[in-house]
Amino acid sequence: METVKQETLLEIDNLNFSFKTQRGLVRAVRDLSITIKKGETLTLVGESGCGKSVTAHAINQLNPMPPGRVDSGRILFNGIDLLQLKKGEIEKMRGTQISMIFQEPMTALNPVFTVGSQIADVFMTHQGMGKDEAMARAVELFHLVKIPAPERRIHAYPHQLSGGMRQRAMIAMALASPEPGLMIADEPTTALDVTIQAQILDLLGDLKQQIDMSILLITHDMGVVAEMADRVVVMYAGRKVEESDVNSIFNDPRHPYTLGLLNSLPSNPKYKQAKRLEAITGTVPDLLTIGDGCPFANRCAYATDICRSSFPSMSEINKDHSVWCHNHESVKREKAQ
Amino acid sequence: METDIHEEIIIADPTPLQETWFHLKKNKAAMVGLGIITIFVLMAIFAPLISPYDPNAQVIDDRKTPMFTDGYILGTDDLGRDMLSRLIYGARISMTIGVVSVGISLVFGILIGVTSAYFGGVYDKIVMRLIDIMLAFPYILLTIVIVSLLGPSLLNAMIAIGISQIPRYARVVRASVLAEKEADYVLAERALGARDTELMFLTILPNCLSPTIVQATLGVGEAILSSAGLSFLGLGAQPPTPEWGLMIASSKEFITNAWWIVTLPGIAILLAVLGFNLFGDGLRDILDPKMRN
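Chain order of the listed sequences is F and Z. Using the working numbering, read the first sequence as starting at 1 and increasing by one per residue. Using the working numbering, read the second sequence as starting at 1 and increasing by one per residue.
To be clear, the hints were calculated from the coordinates, so they are not data collected in a lab. Take these hints with a grain of salt, some might be off.
[Stated by the list, open to error] Partner residues aside, some chain F positions facing chain Z, computed with beta carbon under 10 Å:
#1 L83
#2 L85
#3 G88
#4 I101
#5 M106
#6 T107
#7 Q118
#8 I196
#9 Q197
#10 A198
#11 F311
Beta carbons are placed, not taken as given, at the ideal position from N, Cα and C, and that holds for glycine.
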């Protein structure tokens, strides 16, 4: 039954994740399947609240449970179902094979310890190193993530570093794992200004070349997608709505939501003459009251009756490109005109 | 000769301790408090060296000698014991009481506060209700009950004061852990494989120490006062221990004819408590960034 291919690193198989709240059950992730191959960068795109972070946190089980709950599905990492692991086993997995960097470098470092000692801690915890060796390795990592004057910087407290520097320190911390297989980057550049964003993305790209690792990059920024991604998964309201290689997403988007995202980019060629940016009208549906139809139907220009009653099955455009939309043919036709 | 223009300018960033000291130096009240504490601590440590007489040696001929007479700087008490020596040795006892009882309440308060905030749920509810029950008893009454269960002695008084102060620390710690445990760095360290105990005591707790330190500093003063109170009631130190509260109790009838015997220990208590309170208040202003200017 196991159809895990040799080169598959992570396979999320039909994941359903929900939160039990006072107002009812929030189905944050529905029927989500994602595969990440070794050495690949997969980006997960979607707006706030669409389930990107919940998905990412489900992998190493960082979602608070309860109220969170895995309703069904498997998360296979190197063929092992992470959801079946005991607490101690998943703790061992975190930071050794699956590491993570966060959105807010301002708050994701412990304010009362120097950055160096925080990185050294990871070495000491997972590899049983002594303090001096761990500190020496921390300096090496600071070199690797291109922090200037690393010997001095490792003695700095987080508040003494700039945002970009802190994000580099975060990345260094994530790299302190003994065998980084998968790095989950949860909007790593959102809190940074544009020039620093580019530097951090370059750095991640370089590191991926140097260390054979896969990256699951979560973002809402299509510019980041273009820069980094091998493959793209577009999520909307907990569902996967389109998946493809990075070129097809930009050249041949088939889901109205993807199209909307691209149309709202300032760099889109149609904004050559100054005019107002297009926005996707409406807002994300309330996950509490969402029905079984396509969650995008109430904002979609292409929506027909069937969209409101049933979620579409997968339509395969080609072997690298699938879309979940009843009307993807009309999206294509309109684009062609 | 050419000088190296690339020579790096090294600016040492202040450590948190240096920073606290920097702000502390500007706070006069806190510095006065620190000064008083330092004097008492030095007195306690070097008591045998600096006290002119044995605190328990009775010179019956010199009973109730007034201050500054016959080589007795602060006079003698009703049994002819040198007041200064007794007060110096009393500092030793009071400082020990402060440290030991605050130590007891700190250890248990932190354990209870951190775990109940971190785990939450039913455990938190049960523990905090128990703490509420302890808080419902007047503090001194609770202490007296515990001492009478354990039997009156100085050590038991320390234990009783320590136990009855636990709720306060548990609440302070719990409140700050509740605020800190949702921080991103906790999630980040969890993502790096930190276990619950590491997260509780190595990640979160150091971030919650400032309010706890302030509470503990104020608590030392309060413990000294409580222990004096217990000894006054005969539930703490037993004669002939030179404990300040006991000294007041055993000489209260001389307030009209030898006022210094009863007054000087009182002043000692006042100064010690004042010192810790001034210092604690100052620390609060310094460690709370919102109150810093």
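Which hints, by number, does the structure contradict? Violated hints (numbers, rising): 1, 2, 8, 9, 10, 11; every other hint is consistent with the structure.
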